[in-house]
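Novice: Each protein sequence line maps, in turn, to chains A and B.
Following the numbering used here, the residues of the first sequence are numbered contiguously, the last one being 982.
Following the numbering used here, the residues of the second sequence are numbered contiguously, the last one being 520.
No lab work stands behind these hints, which were simulated from the structure alone.
Quick caveat, the model's predicted, so the values are computed rather than measured.
Partial chain B-side listing against chain A, Cβ under 8 Å, derived: (1) N116; (2) G282; (3) L284; (4) D285; (5) M303; (6) T305; (7) Y309; (8) L338.
DSSO-like cross-link-like pairs, simulated, lysine-lysine; straight-line CA separation at most 30 Å: (9) B:K447 with B:K434; (10) A:K858 with B:K226; (11) B:K434 with A:K711; (12) A:K858 with B:K207; (13) B:K135 with A:K711.
Every residue gets a Cβ at the ideal spot worked out from N, C-alpha and C, and that includes glycine.
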Amino acid sequence: MIPPDQKAFLGRIRQALGHAPHESRNGSHLFMQGPSREELQILERYRQRTAKDREELLEQLMEAAKPVHLCVRRLPDPEAAGAAIAALVQEKAPEPDTVKQVVAWRHGLIDGLDLHLLPEQSAVRVHRTPPLDPLMDPARRHAEREAQRRAIAKAHMGVTAADFCMADTATLVLRARPGQPRSVALLPPVHVAVITLDQILWDMKELFALLRWEARFAAQGLSRYMAFISGPSKTADIEATMVHGAHGPREVHLFVVASAPGRLQYVGQRSTFSALTK
Amino acid sequence: MTQLHPETYREAARKAIGDPVLQKALAGLQARFGRGAAEAYRRLPEGPHLRHTAHEIRERAVAHLDVLLERLAEKIRQNGGHVFFASDATDAVEYCIKVARRHGVRRVVKGKSMVTEEIDLNEKLAAAGIDAVETDLGEYIIQLAGEKPSHIIAPAIHKTRYDIAELFVKNMGIPYTTDPPALTRAARKALREEFLAADMGISGVNMACAETGHITTVSNEGNIRMATTLPRIHMAFMGMERIVGRLDEYEILLRLLCRGAAAQTMATYVSYTAGPRRPEDSDGPEAFHLVVIDNGRSRILADPRFREILYCIRCAACLNVCPVYGKIGGHAYGFAYSGPIGAVVTPLLTGINRARHLCQGETLCGACMEACPVAIDLPRMLLALRETLAYGDAFWKTTPANPLEGLAFKVWSRLTANRRTWECFLKAAALGQRLFPKKGNRLRRLPPPFHGWTRKRDFPSLAPETFLARWRKNEIEVAKDIP
Ligand code: SF4
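With the hints as constraints, model all of the structure from the sequences given.
Specialist: Below, the structure written as structure tokens:
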């Protein structure tokens with residue numbers, strides 16, 4: 705059933721374009737039925753990518769990261785990434801709360817960082833963001849959601865993974881999934897993202913080709929909500945002076961660890977609730 | 038707050054030219070961004086020609102708007118979102134208020150959106166008892182000052198840090214400081230509370246993609262992500278033309294948008310929204326509404342002379358290079374849209390006669406067309422608008438702006454059509470000009486109705502004898518050695 709507001713509206717457009725108001729126009733030629741030749745080449749390049757290519761991509765990423773103030777570091781393994789996060793936690797002053805609080809996604813790679821060890825080293829609270837049970841009583845679910853929101857709003861650091869990172873523009877790509885609230889990358893003044901080397905892509909063309917046609921990514925497509933993040937939040941609204949941390953994070957750190965396909969990739973690829981809760 | 042009035046163009050422009058602070062800010066803005074966009078187009082891997090590809094993409098999208106919008110609406114509804122098609126400003130505002138009331142909304146946070154300026158949403162929400170807070174830092178400053186934005190992407194360029202310091206001290210009670218980082222921090226704190234307390238977030242739409250069923254919003258501050266993530270309800274307003282068919286087409290336009298708007302390769306935040314959160318998601322709005330707005334656009338669509346203006350992606354690149362905007366600033370245009378885009382689209386949306394000064398004020402220098410990421414021929418449309426004003430136009434219900442002008446040109450064409458009358462006229466004029474004050478061989482003042490021309494400059498006087506007359510008397514020396 706097409707609502708009346710839509711019918712009249714689209715009818716006006718059709719008339720303006722010289723068609724009958726109720727004519728149903730065939731639009732199939734406007735959309736893709738399969739990958740274009742260019743996309744096929746891009747997909748091929750992605751599949752053939754060697755370790756050396758990956759290093760090149762990382763180099764390009766580091767170059768592009770400089771002007772947007774994204775701090776990229778290469779680390780050997782998740783353990784080292786965990787240690788680097790611990791060092792950052794030490795270094796950064798708590799804000800907006802007076803106690804240091806870290807909030808981290810529920811995600812295979814992040815789970816492997818051993819962030820639960822942090823409190824032992826210093827007076828830091830670590831919050832995790834488990835997916836909500838859709839079968840749970842709505843009132844309880846609401847309470848849990850609110851609790852997560854409060855924790856995220858108080859944290860001085862948010863730790864997330866990412867689906868991809870585009871080397872060309874130093875852009876992190878985050879798709880929505882249960883257990884991975886988008887505000888973790890948004891509210892805390894410091895955002896740390898951890899990815900594996902094989903998640904670095906060349907550019908937006910490659911990203912979109914994968915999201916459209918590569919089966920394991922295309923299933924979720926762009927998802928309900930996808931975010932591109934290129935460095936910290938910025939503004940130049942006061943006399944054109946560049947200031948970081950207008951609303952979102954003041955600092956964004958990206959830790960790139962070596963790929964470990966067997967252990968780390970599983971969570972990123974599945975999006976259903978049951979796959980995420982054990 | 039000021040209401041729209043494109044009719045005060047001349048007066049407002051004069052005031053702006055006399056304002057040294059604004060002049061400095063405008064010059065700085067144009068120096069920073071003006072050439073940056075063109076440079077950024079040149080560095081595109083495909084080269085600057087990509088602008089023309091983008092033009093074709095927009096042309097195709099606008100020619101199939103009905104198909105694309107239908108597809109977008111279908112996809113968003115499949116994801117549990119709502120889509121409303123508003124034929125005019127009243128429809129759109131009423132829908133917003135209805136939804137707000139149904140959900141018991143009291144506080145609204147807004148991301149920057151020109152189309153909500155166009156429909157005057159803030160004032161109307163306020164009248165309905167709903168507070169809407171602008172959250173883009175520039176827009177926030179403007180709102181505190183009770184003004185309207187003067188640039189599409191840099192709304193507060195006409196404010197100095199001293200103005201802003203005073204505003205913040207008065208409104209937030211912070212200690213006086215003129216340090217931009219400190220001022221930004223104060224705004225961050227105040228606005229963070231607004232974000233967390235708001236029931237509804239309102240955003241615009243930079244571009245929608247029909248194939249995937251997403252709307253996208255672009256920002257550098259992250260305020261739009263906040264406004265569309267934290268409140269219970271997200272309502273996005275979109276001019277009906279802001280859509281493309283496919284993801285690969287979208288990709289080209291996004292790259293050009295970032296370059297045109299701020300000479301960036303990618304804005305800091307680009308968000309793709311396809312619907313509300315699901316029950317198992319930790320955050321995101323529980324309800325998502327998209328309001329697609331016509332408000333005069335289908336009329337533009339129906340006229341092939343002006344359809345091209347619907348290809349615009351509101352990047353503001355044309356403002357940053359326009360010599361007229363660079364002097365008179367955004368407020369003179371008297372409506373949400375300023376600069377060359379405003380000079381074309383405002384008359385079409387609000388009435389050509391009413392906003393005639395806007396299209397008459399531009400210089401037709403063509404800089405805007407070169408800066409436009411989708412290569413829109415703005416000068417052509419400025420001329421077409423002037424044509425409707427010169428002769429009247431039934432479709433746009435314009436009446437000739439100045440009937441005497443037509444008469445004057447008729448007389449002129451008679452004068453010039455005949456050698457004899459023309460020579461008589463020149464003789465008479467050469468004699469007649471002696472009556473007017475002169476400086477060197479220039480006239481200081483012309484008689485009405487031409488006196489406006491000499492208010493700021495002198496008019497070259499006629500030589501006592503014409504070239505032809507001297508030629509006939511063999512007074513003109515011709516170089517002999519012309520090969
Ligand atoms: S007319 Fe072109 S340059 Fe001006 S705002 Fe629109 S897209 Fe940008």
